[in-house]
Amino acid sequence: MTDTLVAFDDVLATYDPALGLEVHVELNTNSKMFCGCPTEFGAEPNTQVCPTCLGLPGAMPVVNGKAVESAIRIGLALNCDIAEWCRFARKNYFYPDMPKNFQTSQYDEPICFDGYMDVDVDGETFRVEIERAHMEEDTGKSLHVGGATGRIHGADHSLVDYNRAGIPLIEIVTKPIRGAGAKAPDVARAYVAQLRDLIVALGVSDARMDQGSIRADVNLSLSPKGSGTLGTRTETKNVNSLRSVERAVRYEMSRHAAVLDAGEKILQETRHWHEDTGVTTSGREKSDAEDYRYFPEPDLVPVAPSREWVEELRGTLPENPTARRARLQAEWGFSDLEMRDTVGAGALDVIEQTIAAGTTPQAARKWWLGELARRANEQGVLVDALPVTPADVARVQALVDEGSLNDKLARQVFDGLFAGEGTPDEIVAARGLAIVSDDGALSTAVDNAIAANPDVADKIRDGKVAAAGALIGAVMKEMRGQADAGRVRELILEKLS
1 MTDTLVAFDD
11 VLATYDPALG
21 LEVHVELNTN
31 SKMFCGCPTE
41 FGAEPNTQVC
51 PTCLGLPGAM
61 PVVNGKAVES
71 AIRIGLALNC
81 DIAEWCRFAR
91 KNYFYPDMPK
101 NFQTSQYDEP
111 ICFDGYMDVD
121 VDGETFRVEI
131 ERAHMEEDTG
141 KSLHVGGATG
151 RIHGADHSLV
161 DYNRAGIPLI
171 EIVTKPIRGA
181 GAKAPDVARA
191 YVAQLRDLIV
201 ALGVSDARMD
211 QGSIRADVNL
221 SLSPKGSGTL
231 GTRTETKNVN
241 SLRSVERAVR
251 YEMSRHAAVL
261 DAGEKILQET
271 RHWHEDTGVT
281 TSGREKSDAE
291 DYRYFPEPDL
301 VPVAPSREWV
311 EELRGTLPEN
321 PTARRARLQA
331 EWGFSDLEMR
341 DTVGAGALDV
351 IEQTIAAGTT
361 PQAARKWWLG
371 ELARRANEQG
381 VLVDALPVTP
391 ADVARVQALV
401 DEGSLNDKLA
411 RQVFDGLFAG
421 EGTPDEIVAA
431 RGLAIVSDDG
441 ALSTAVDNAI
451 AANPDVADKI
461 RDGKVAAAGA
471 LIGAVMKEMR
481 GQADAGRVRE
491 LILEKLS
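Per UniProt numbering, residue 1 is the first one in the sequence shown, and the count goes up by one each step.
Please keep in mind that the hints were generated in silico from the structure rather than gathered at the bench. As the structure is a prediction and not an experimental result, all values here were calculated from the model. Built from N, CA and C at the ideal position, the CB exists for glycine as well. Watch out, some of these pointers could steer you wrong.
Claimed, not checked - Between beta-carbon pairs, the in silico distance windows are: (1) Tyr116 to Gly181: 15 to 25 Å; (2) Gly380 to Ala356: 19 to 29 Å; (3) Asp276 to Gly315: 42 to 52 Å; (4) Glu308 to Leu267: 43 to 53 Å; (5) Arg293 to Gly380: 40 to 50 Å; (6) Arg293 to Arg324: 41 to 51 Å; (7) Gly333 to Ala429: 13 to 23 Å; (8) Ser282 to Ala356: 34 to 44 Å; (9) His144 to Gly422: 49 to 59 Å; (10) His144 to Ala429: 50 to 60 Å; (11) Gly283 to Gly55: 19 to 29 Å; (12) Phe41 to His157: 18 to 28 Å.
Given these sequences and hints, build the entire structure.
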């Protein structure tokens with residue numbers, strides 16, 4: 001059944017949207033939240049489990065200290081207050097992928113609370129207020145087999161992998177985001193993007209949305225325009241790309257409006273996002289907090305970070321990613337489009353390191369967003385995963401600046417680097433790639449080009465200097481692209497003047 005939708009502009013004419021985002025971040029600790037099991041992604045199913053994360057009787061949990069540290073650093077970066085005393089709670093629900101039949105989480109006593117993040121959208125700043133950031137454990141992963149959609153409906157049977165059960169999570173929950181109007185989808189996307197950049201800068205997670213190490217639940221409601229109230233919300237679960245966050249908000253706004261326009265009520269429920277079709281479908285009726293029957297976790301002692309430790313961790317915070325990008329853009333002289341492309345390609349760090357190695361900003365950008373980005377796309381990896389270092393790129397550009405290489409020959413040096421043939425200088429020597437500037441060899445090649453192209457030579461003698469390009473091309477072809485093009489031009493004009 002296809003949902004009835006209202007055009008986006010018509011939604012805004014009648015209703016005010018309110019957003020709420022819950023972002024789950026998998027921490028990159030070496031062990032799980034409450035046991036010593038490893039956390040490596042992609043291991044064989046059910047090979048990274050123990051009695052504790054399987055919820056077997058008698059197994060006792062112990063809090064991962066590194067996870068607590070990461071939670072505090074995230075909270076500080078989000079301008080949160082850090083609790084002087086907090087504790088864990090049991091969140092009771094019954095899913096096959098939760099082996100204990102409860103999730104160890106935090107409820108009314110989170111470790112971080114009352115923060116904010118300022119988000120810029122088209123020159124307008126929106127303050128996204130953070131209600132809390134709390135620690136919890138991840139669930140296992142269900143695989144539904146035999147159906148057409150990969151979901152439980154229509155499946156023949158289900159398999160469960162408990163490797164992920166117990167992985168440390170930080171859930172970051174916003175307060176309702178109101179007043180965004182037409183920019184609501186863009187604000188949602190920008191917030192998650194900026195939060196992801198912050199998490200990466202902190203070094204507490206790789207924040208790979210494609211691998212599920214950061215995922216967003218999108219809450220949305222509509223209220224009559226100007227009423228100042230909050231409507232009934234729905235929660236679209238596990239949205240795993242920035243584009244989909246934006247699309248999910250836009251779709252739910254249009255769907256909610258259609259339901260309300262028909263005089264019906266919004267059902268408070270969770271919804272599934274379908275990446276392929278760009279629609280949401282009903283999941284289950286949404287539980288309220290009391291339905292989970294939270295109560296304090298009796299097997300864990302409270303967490304009470306000292307103020308000295310909190311201030312020590314504050315001193316480890318990196319430069320805010322948004323401020324850093326603005327600073328680097330000003331230093332490098334990049335346009336807004338150039339900077340956006342740089343960030344989008346994941347090349348900010350490698351370009352910064354290449355510049356530090358002695359290359360100009362534009363030259364560094366040329367290689368990382370051109371030749372190297374193309375190769376990264378072919379291999380399906382990010383540019384910083386290529387077998388080429390910023391120092392390599394800086395040396396290749398230095399050889400170009402010295403006149404030892406041109407851009408075409410430089411690409412052959414990159415071929416050698418990818419093949420593991422040594423340093424740029426070693427590759428140039430081994431492959432014989434250096435530009436020929438010797439007048440004797442160049443003069444012979446120029447004479448050959450003139451003899452082979454008498455009509456072009458006559459045009460140059462008659463003052464049509466632009467025709468020299470054809471002879472330069474002939475010389476470059478004869479010398480396999482290794483001639484000094486500037487010197488070749490000079491010799492041609494000298495001989496034909």
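- [ ] Taking the numbered hints from earlier one at a time, note which ones the structure violates and give those numbers from smallest to largest.
- [x] The structure breaks hints 7 and 8; every other hint is satisfied.
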